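Asks: So you can see what is in the structure, the chains are spelled out below.
There are 2 protein chains.
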Amino acid sequence: MEIREAHDEDWPKIYPIFRAVVEEGKTYAFPENLSLEEARPWWMEKSPAVTVVASEGDIVLGSAKMGPNRPGRGSHIATASFMVNPARQGKGVGTALGNYAIEWARVRGYRGMQFNAVVETNEPAVHLWKKLGFEVLTTVPEAFGHPEYGFVGLHVMYRNF
Amino acid sequence: MEIREAHDEDWPKIYPIFRAVVEEGKTYAFPENLSLEEARPWWMEKSPAVTVVASEGDIVLGSAKMGPNRPGRGSHIATASFMVNPARQGKGVGTALGNYAIEWARVRGYRGMQFNAVVETNEPAVHLWKKLGFEVLTTVPEAFGHPEYGFVGLHVMYRNF
Chain A
1 MEIREAHDED WPKIYPIFRA VVEEGKTYAF PENLSLEEAR PWWMEKSPAV TVVASEGDIV
61 LGSAKMGPNR PGRGSHIATA SFMVNPARQG KGVGTALGNY AIEWARVRGY RGMQFNAVVE
121 TNEPAVHLWK KLGFEVLTTV PEAFGHPEYG FVGLHVMYRN F
Chain B
1001 MEIREAHDED WPKIYPIFRA VVEEGKTYAF PENLSLEEAR PWWMEKSPAV TVVASEGDIV
1061 LGSAKMGPNR PGRGSHIATA SFMVNPARQG KGVGTALGNY AIEWARVRGY RGMQFNAVVE
1121 TNEPAVHLWK KLGFEVLTTV PEAFGHPEYG FVGLHVMYRN F
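As they're listed, the protein sequences go chains A and B. In terms of the working numbering, the numbers along the first sequence are unbroken and rise by one, the last being 161. In terms of the working numbering, the numbers along the second sequence are unbroken and rise by one, the last being 1161.
By construction, these hints were calculated from the structure, which means they are not laboratory data. Bear in mind that the values here come from a model prediction, so they are computed numbers and not experimental data. A hint or two may mislead.
[Said to hold, decoys possible] Facing chain B, a subset of chain A residues (Cβ under 8 Å, in silico):
hint, residue
1, 25
2, 70
3, 73
4, 77
5, 114
6, 128
7, 135
8, 138
9, 140
10, 143
11, 145
12, 156
Glycine is no exception: its CB is placed at the ideal position from the N, C-alpha and C atoms.
Given these sequences and hints, build the entire structure.
Replies: Listed below in structure tokens is the structure:
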């Protein structure tokens, strides 16, 4: 598995994963039914943030984006988002992307990383982030409309470096 | 004091307050040194969010923006931001704008309102939001670079309707 920075020409291969993950509706509060071009700015980041792609040959296994959580006086804390190809879940892609993002932020001098909205019922993600040193700071009640469970909480998770 | 929706032509009168508040550096993580046009999209919202202005005759006393905190499956929780003219602080402008935002969100069917980043040392704001029914869910440690106190925490505050 190779992880590298994604460029504009990678987006058509990332987009089907974005669509599948958003339409499953269990992990992210992105707008639904976005076209290729509408979805692009929601995932493909501009400097100082970056988007990366994890691939095996021509197959995109997953993607992540990372950068400052806030501008200005909040820009020393990073954030990141992750999507794994539904056909390749449970095979270490999320772990590899998570470690990549932490290292990316650490070497750039960020003091910590904050996840603003981890769906509390997304157990594989919550488990993974805890394994990578994040803790749940709080859970905003009923902040996410889950297709099976109705309104569930969104974790704010954090780790420092 | 009148509070009404702000339009493009109001921005030149709101902008000096935005600049003053951001440059004081004690309450918001916006980029600094933004020109009139650069700052506009950081404060002037598009539907379904709105920006409002509180004025007394020709004088802008303050401004607020309010809308969904997240798109898609998170869009039932509102958020809002507030700025009061530094020359008119402590005179009820923040309270009036806060009540306006809560009512705006309530009548539109939002289930709650979340503030993502209230600087913990901004005591007038923290006090006001508590008075208006918000609680501190957590404080993200050292997430804001304060010009006097160094790294201070950012409160996540929330109230339901």
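Asks: Hint by hint, say whether it matches the structure.
Replies: Against the structure, the hints:
1. Interface restraint check for residue 25/A: the shortest CB-CB distance to chain B comes to about 6 Å, inside 8 Å, so the restraint holds.
2. At about 4 Å, the closest approach between the beta carbon of residue 70/A and any beta carbon in chain B falls short of 8 Å, and the interface hint on this residue holds.
3. Among the interface hints, the one on residue 73/A holds; its C-beta lies about 4 Å from the nearest C-beta in chain B, closer than the 8 Å criterion.
4. For residue 77/A, the interface hint holds, since its Cβ comes within 8 Å of a Cβ in chain B; the closest pair sits about 5 Å apart.
5. The beta carbon of residue 114/A is positioned within 8 Å of a beta carbon in chain B (closest approach about 6 Å), and the interface hint is therefore held.
6. Evaluation of the residue 128/A hint against chain B yields a violated restraint, the C-beta minimum of about 20 Å exceeding 8 Å.
7. A cut of 8 Å between beta carbons decides the hint on residue 135/A: the least distance to chain B is about 10 Å, and the hint is violated.
8. At a threshold of 8 Å, the smallest CB-CB gap from residue 138/A to chain B is about 4 Å, leaving the interface hint in force.
9. Look at residue 140/A: its Cβ gets to within about 6 Å of chain B, closer than 8 Å, so that hint holds up.
10. Restraint check, residue 143/A versus chain B: the minimum CB separation of about 5 Å is within 8 Å; hint holds.
11. Satisfaction of the interface hint for residue 145/A is found here, the shortest Cβ-Cβ separation to chain B being roughly 4 Å, below the 8 Å cut-off.
12. Restraint check, residue 156/A versus chain B: the minimum CB separation of about 6 Å is within 8 Å; hint holds.
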